[in-house]
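Enquirer: Sequence:
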Amino acid sequence: MTASALQYGPVNPDQALSIFHNATVAGIPADGRFINAVLRCFGDDITAALTAWKSDIRPACIAYETRARNKATPTNRPKAKNLLAAYNGLLYVCGRALRPDIGLRVVYAMKKEGIEPTEISLNCYRSGKRLRQKDGKSGFSLLQQIKLIDPYESLM
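The sequence shown: position 105 = 105 (the numbering used here), numbered continuously.
Don't read these hints as lab results, they were simulated from the structure. The hints are all genuine.
No farther apart than 25 Å at their CA atoms in a straight line, the calculated lysine to any residue pairs in the SDA-like style are these:
#, residue 1, residue 2
1, 81, 122
2, 54, 13
3, 111, 101
4, 81, 65
5, 54, 17
6, 81, 104
The task is simple: from the sequences and hints, build the whole structure.
Expert: Structure (structure tokens):
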């Protein structure tokens, strides 16, 4: 719940990672909704989000996804549901950073891992992008100036 509230405040990657580590120590599992909220706390700091994803967060997600269960999993439960939610958080950060090129790489990583991006995944990217433009921080990057954003977004 704290991570969800922090995504609307000032961007603080250290605080987001601290929440993740404290929760892990307290025994809170790395399920998709929690990881999605933590990743959204990174705001538009895509570099910090990807670094945290690669070093700490993804391994915890993989461990949670492959955990042993006491009961058989229902056959109608989508495979890698928690990882999908976590990747959607990364796509949100890509949208906030106005980096569809990295968003496309995230989608490629999802497919490589056997996770099919859904319409919700694209909407997470768009939601981050809308929030960035609503904040008035949209400033034109080099990619926007040479019109490369639209081709990347159309590939997602």
